Amino acid sequence: MSLLTLDRLDVRHGLLKAVREVSCDIADGEILALVGANGAGKSTLLRAIAGAHLPAAGRIVFDGVDVTTMRAHNRVALGIALVPEGRRLFTTMTVEENLAVACASGRPGRWSIDTVMTLFPMLRARRKARAGNLSGGERQAVAIGRALVTNPRLILLDEVSLGLAPLVVEGLYRSLHSLFEGGATLVLVEQDLNRVLGVASRVVCMLEGRIVLDGRAGELTRDQIIEAYFGLRRGSGRDDKVQGQP
Amino acid sequence: MNIINLLTQGVLLGGYYALVACGLSLMFGVMRIINLAHGDFAVLGAFLAWTVSDSADISPFLALVAVLPIMAVFGWLVQRGMLERSLRAGMLVPLLSTFGLAIVIENLLFEAYGADTRSLAPMIGDLSFGSWAITDQFNIGYLAALIFALAVLLLGGLSLFLKHTPLGRAIRATAEDADTAELVGINSRAVYGIAAGISVATVALAGTLLAMRATFDPYSGPMQLIFAFESVVIGGIGSLWGTLLGGIILGMAQSIGAQFDPRWFLLTGHLVFLAILAARLLAGQVGARGGLRTSLGIDA
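Chain order of the listed sequences is A and B.
Our numbering numbers the first residue of the first sequence as 2 and each following residue consecutively.
Our numbering numbers the first residue of the second sequence as 0 and each following residue consecutively.
Calculated from the structure, these hints are not laboratory results.
On a predicted model such as this, the values are computed, not experimentally measured, just so you know.
One should not assume that every hint holds.
FRET-style restraints, in silico, Cβ to Cβ [said to hold, decoys possible]:
#1 A:Leu17 <-> B:Ala88: 20 to 30 Å
#2 A:Arg9 <-> B:Tyr218: 51 to 61 Å
#3 A:Thr222 <-> B:Pro165: 45 to 55 Å
#4 A:Ile227 <-> B:Pro165: 41 to 51 Å
#5 A:Asn134 <-> B:Tyr112: 47 to 57 Å
Which chain B residues stay away from chain A? Per the calculated CB distances, all over 10 Å, these [stated by the list, open to error]:
#6 Leu67
#7 Met81
#8 Val103
#9 Leu149
#10 Ile185
A virtual CB, placed ideally from N, CA and C, is assigned to each residue, including glycine.
Chain A with its partners taken away, still in its complex shape (with noise of 0.2 Å):
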């Protein structure tokens, strides 16, 4: 059955559509890819699920519950994860009390600090270290392991590797990986298409805030993702904005 039904959503940054009439369901145990050129609507779409920008149009479902209105701390307790783009940490606050932090407001479930620094172990000689004097690679580390504390059902990834350099994202996509493997529900937000294509069952394109192209990873092929992507297939039902493009 799906865990997250989205039905029509329109979301809005003043007078900005930045998501049109989106309408998707993601099932339980699937890892989706969310693909699209810079300014689509991923992050916007990503903020409207976790509850960090309320929709102006819609509804969001999440595992039978409505939660289109709800504050984005009680969908925490139902189950739903953001990873903010750019990381967001609390950086005057240490490593240990991002993730404490979390813990505490989080559901109960397998992930814990402990658990998290298993995973992964370069921040468990940085615990006591302000999240503010972390590397890239460390900060992102800290912003997918408080989101992981919170024990999620659904967890929304927004441009892990943003701003980090390739062997940095290897490493953290080699941690994720336990992850990928033990049947959590993920959206993966990149830019990298090789990156997400390698782990994600389903892969979702948008352009200018509608999906344009929705399939199973292994039945599409990389030009059918390239075109979507930056919009060369005309007829998808967008072609009423192609007009205003330079």
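Fit chain B to the given chain A structure using the hints.
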């Protein structure tokens, strides 16, 4: 010996200023609200303590057992009912609404209690005037010492609370980034309400102590706000231990000024405040991230 006496009195007075200021500092640190009704909350607390101890015929210290929880709930209500709404309308609206609240409190107190100047000093026996005579020229008043000790205990306790308890961590996380705090499961509105409750309870304590060591009337609030504000700015905004230091610097400046001429008591304090503010501005510290967000004494 005289100079030691002078400095000691200044330090002890600074303890009182730190006590008034710590709630102001907390509220600014967590919610970015400059509460212009802060001094009037102190006076409201003093009137409440006066009423409770007068009608029940008990010591004002015992009255605090009732006053502090009442004021904490009042602070929570002000936050949830008024400040939370005004925060959504931008930075200026909370400032204006607390200014309005200050006027309302002053006039309601005037309406209820009249213009008489009161004091709790007669209700606390020789605590109000007794002192330890160290030498001929060096005395330490019981009450002044008690207030200073309470200030250190309160600031220290608050600091430990923020650092080591789950609720304290949630307050610090919300202070730094309320949106992200929500995303890790913290109810930021509830945290704001609790922080406001703590802030108002501490200032009610300060107001009651003010009423013991001096006199008060319905319009005493704004002066206390100024002392609190000066202590906070001198000590660095948002830092609890800095607030104690700021209070001490202000208290010493006033004591030293008064030594030359009693009329200089307030003036010297204001001048030192302005000098430190100007020095900070020149050094580019005010408005710098570190200065504003030295999050609640964690750096102190």
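Going through the hints against the structure:
1. A:Leu17 <-> B:Ala88: 20 to 30 Å: 22 Å, holds
2. A:Arg9 <-> B:Tyr218: 51 to 61 Å: Roughly 59 Å apart at Cβ, these two residues keep to the hinted range, so it holds.
3. A:Thr222 <-> B:Pro165: 45 to 55 Å: 50 Å, holds
4. A:Ile227 <-> B:Pro165: 41 to 51 Å: Holds: the Cβ-Cβ distance is about 48 Å, inside 41 to 51 Å.
5. A:Asn134 <-> B:Tyr112: 47 to 57 Å: 53 Å, holds
6. Leu67: 26 Å, holds
7. Met81: Per Cβ check, Met81 of chain B is outside 10 Å of chain A; nearest 20 Å; holds.
8. Val103: Fine: 31 Å to the nearest Cβ keeps Val103 of chain B off the interface.
9. Leu149: 27 Å, holds
10. Ile185: 6 Å, violated
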